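In terms of the numbering used here, the sequence shown is residues 25 to 573.
The set of hints was computed from the structure by calculation and includes no laboratory data. Since the model is a prediction, treat every value here as computed from it, not as a measurement. For each residue, glycine too, the CB sits at the ideal point set by N, CA and C. Possibly wrong hints are sitting among the right ones.
Said to hold, decoys possible - Derived DMTMM-like pairs: lysine to aspartate or glutamate, alpha-carbon spacing no greater than 20 Å straight-line: (1) K251 with E290; (2) K398 with D495; (3) K398 with D288; (4) K531 with D518; (5) K227 with D253; (6) K323 with E525; (7) K272 with D253; (8) K443 with D495; (9) K522 with D469; (10) K350 with D495; (11) K443 with D330; (12) K398 with D330; (13) K272 with E320; (14) K354 with D288; (15) K227 with D288.
Stated by the list, open to error - Label pairs and their in silico Cβ distance ranges: (16) V517 with P267: 45 to 55 Å; (17) T408 with G358: 27 to 37 Å; (18) R526 with S556: 33 to 43 Å; (19) G208 with A378: 35 to 45 Å; (20) Q553 with G508: 44 to 54 Å; (21) E310 with D359: 34 to 44 Å.
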Amino acid sequence: MGKIDTDYLWLHEQPRTPSRLRRLALVLVIPLIGGTAWLTASPQSTLFDSTDSQTATNESESTPSAAIAASDVDASIGPGRADVHTPADDEDTQNAVSAADESSQQAADIALSDTQAGAAAVAVAPVDPERDIESPQPLEGTDGTAAAGIVESSTGLADSTENEPVQVPKAARSDWREITIRSGDTLSIAFNRNDLSYADSLKIAHMPQHGRRFTRGLRAGDTMQVKADENGGVLAVDFPIDPLHTLKVRPAGDGFSGEMQLTDVEHRNAYATGTIDTSFYVDALESGLSDRQIMELVKIFGWDIDFALDIRPGDRFVVVYDELYKDGDKIADGDVLAASFINRGRDVRAVRYAEAGDDQGTVYYSPEGRAMKKAFIRTPVDYTRISSGFSLSRNHPILNRIRRHEGTDYAAPSGTPIKATGNGRIVFRGRRGGYGNMIIIRHDDHLSTRYGHMSSFARDYGVGSKVRQGDVIGYVGMSGLATGPHLHYEFRVDGEPKDPERVELPKALPLPGEYMADFRKHSAPLLTQLDSLTQTDVARANTDDNASN
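The task is simple: from the sequences and hints, build the whole structure.
This is the structure in structure tokens:
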């Protein structure tokens, strides 16, 4: 009985408190073993199934009477301890049970701490005695990554970086993006919608020369190509202004600069011929010329032909011009390349040659190499009629007496712009007697012009201001002694008034000598084409006349 009591007390003694080293081993080793075993063993197995089963099997083979009944185990004691009732008179059996309990107790000391006394049992897989514990091998049928995941999930010691948000890289973007302007957009709004720099949009909109194209020049439906870096910084902008021109914007210093470039197009020569029957404008339109081309011809020949007074029925014109094509389709009419105008039997010809343009922008020359642009234009205003011509003995309509009329009156609506007829300097600007509001421009030591009856002056010019041919200096009115709105224009040589319609204007400057050889080579095929077209047009006109007779 004493032995049984001793064994009973031994079975009920509290397990030894594991040392700190064992607790560390629990944290580092047991989860690995437990996780590995969980993959291969049934979750219903107990920690001591294999040990107890093997011990019981061995003992039952040698001593069948040593089998332990399940009813003899007190489950209330909990894992790691068992209340086993063995016969007191069977010493061999008692020794076997004691050995099994001692083995079980040692395993329990390793497997359990005082804080795990009620935890669920974990099955343990058999360990190969030859296995290197310091270098555990991955489980059969798994890889090291999977095993590591099991350990981390079982211990709760997974790397804290797993819980941090994962940085997903931005989708790759093309360097060039197409930006479409919507109704109500500013450049900054369009840039913001496309993840482009707001600061760059302001710099582009405030460019000195072309910035206005990106402010007042923006229209709904406009598109532009923008090249940007990964942060939205603008590297280049290509903004098509029209079918012929593209505004290219590039970084320059701390800001941006723009340059207008001609679109890559195909150039083809075309021509038009016509005879004046009604008016130059109407007949030119019927020949296929555009409004812009007609106005260009007026500027080219404006120094030699007065299109309001000199044009007569039967006058003929021939024009060779450039047509622009893109992808096989015509997109616009280009510049006039060469033209001929036969006015009252006089043939006036012009050829475009831009390589030697002077500081006034001259690009058209006569076949002899003289600039078509003269030092003076004949008329300073677009007028409807000449209300009074130059006369030294005219009856004044208001004073009702003979008085010299030292200029020409051009009737025009009030407010019609008045242009300087040549380069010079303003020497008088104000009101003078019957002239009303008047400006006097001195062009050189011999020539001067006068402009009277103006309604108002241009704000940009005062006494001493330099003006260039074509600059607007004021507007038509009827100040002073005038019966209706018109411009009184005088042309004086050494102070003496001359008839503006008939005075011989200074000759145009010739083309610089170094360009003459190249000009002749450039102009020869164009002049030949003009000759051929003129002869064809004359022959066709004669045929039509004979047919009508």
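Hints numbered earlier in the text: which of these fail when held up against the supplied structure? Checked against the structure, the hints that fail are numbers 1, 3, 10, 13, 15, 21, while the rest are satisfied.
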